[in-house]
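With the numbering used here applied, the sequence shown corresponds to residues 209 to 407, in that order.
Please keep in mind that the hints were generated in silico from the structure rather than gathered at the bench.
Accuracy of the hints is not assured; some may be wrong.
Claimed, not checked - Listed next, the in silico BS3-like pairs over lysine-lysine satisfying Cα-Cα at most 27 Å (straight line):
no.: 1; residue 1: K373; residue 2: K268
no.: 2; residue 1: K244; residue 2: K268
no.: 3; residue 1: K373; residue 2: K244
Said to hold, decoys possible - Each pair of labels, with its calculated beta carbon distance range:
no.: 4; residue 1: K244; residue 2: Q280; range: 15 to 23 Å
no.: 5; residue 1: G346; residue 2: K244; range: 17 to 25 Å
no.: 6; residue 1: V222; residue 2: E389; range: 15 to 23 Å
no.: 7; residue 1: S378; residue 2: R305; range: 24 to 32 Å
no.: 8; residue 1: R230; residue 2: I390; range: 16 to 24 Å
no.: 9; residue 1: R305; residue 2: E404; range: 17 to 25 Å
no.: 10; residue 1: D318; residue 2: S219; range: 41 to 49 Å
no.: 11; residue 1: Q280; residue 2: D369; range: 21 to 29 Å
no.: 12; residue 1: D369; residue 2: E404; range: 26 to 34 Å
no.: 13; residue 1: A271; residue 2: A350; range: 21 to 29 Å
no.: 14; residue 1: T293; residue 2: S315; range: 18 to 26 Å
no.: 15; residue 1: P376; residue 2: A279; range: 35 to 43 Å
no.: 16; residue 1: S315; residue 2: A380; range: 37 to 45 Å
As the structure is a computational prediction, the values presented were derived from the model and not from experiment.
From the three backbone atoms N, C-alpha and C, an ideal C-beta is built for every residue, glycine too.
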Amino acid sequence: MPAPQSETAMSRVVLAEADIDRALTRIAHEILEANKGTADLVLLGIPRRGYPLAQRLARKIAAAEYQATGAQLDPARMVGQLDVTMFRDDLRHHPTRPPLPTQLPPSGIDNKVVVLVDDVLYSGRTIRAALDALVDLGRPRAVRLAVLVDRGHRELPIRADHVGKNLPTSSAEKVRVHLAEIDVVAGQPINQVVIEGPA
209 MPAPQSETAM
219 SRVVLAEADI
229 DRALTRIAHE
239 ILEANKGTAD
249 LVLLGIPRRG
259 YPLAQRLARK
269 IAAAEYQATG
279 AQLDPARMVG
289 QLDVTMFRDD
299 LRHHPTRPPL
309 PTQLPPSGID
319 NKVVVLVDDV
329 LYSGRTIRAA
339 LDALVDLGRP
349 RAVRLAVLVD
359 RGHRELPIRA
369 DHVGKNLPTS
379 SAEKVRVHLA
389 EIDVVAGQPI
399 NQVVIEGPA
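Whenever a hint applies, use it, and build me the whole structure from the sequences.
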């Protein structure tokens, strides 16, 4: 296991690997309870870190459902990736990144309960873009939102249904989510959430 990033005056770890795992376990159980099982459930991760979070949630949901009912589910069949790059309304103010492929589960999203999954909920503009992107892909029965971190500072009337951790922050601070599927520090994959900002 990689050593957690050391705390400094400018950067502090607020969620370690075990904290992230516990938060995702709780969210997975909340999703199952809200959906009354796994019927018609689709998890769509928003790149980049929403997608591996959606994959982790799907594995936890499948494990919980097996423990509760004995039903064996393939987590990969309930997970997809929803790229929102071209639907953002702030492209003029931020450097653009190459769009990543949108990939839907084999069953699609029509008449499904879609849970959008992202790492950090901030202004709400990414989620607004995700809702616009969904309109082009189908008509879900319901759309919910699960985020690992809600840091506040909303600019749109959007809220998460499932939150791993509420982190009150100042607008001068940045919340960095590091996931082993993407992030490597000193040659080691790392799982943690860090707040960076003025001392």
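* In ascending order, which of the hints set out earlier in this document are inconsistent with the structure? -> Violated hints: none; all satisfied.
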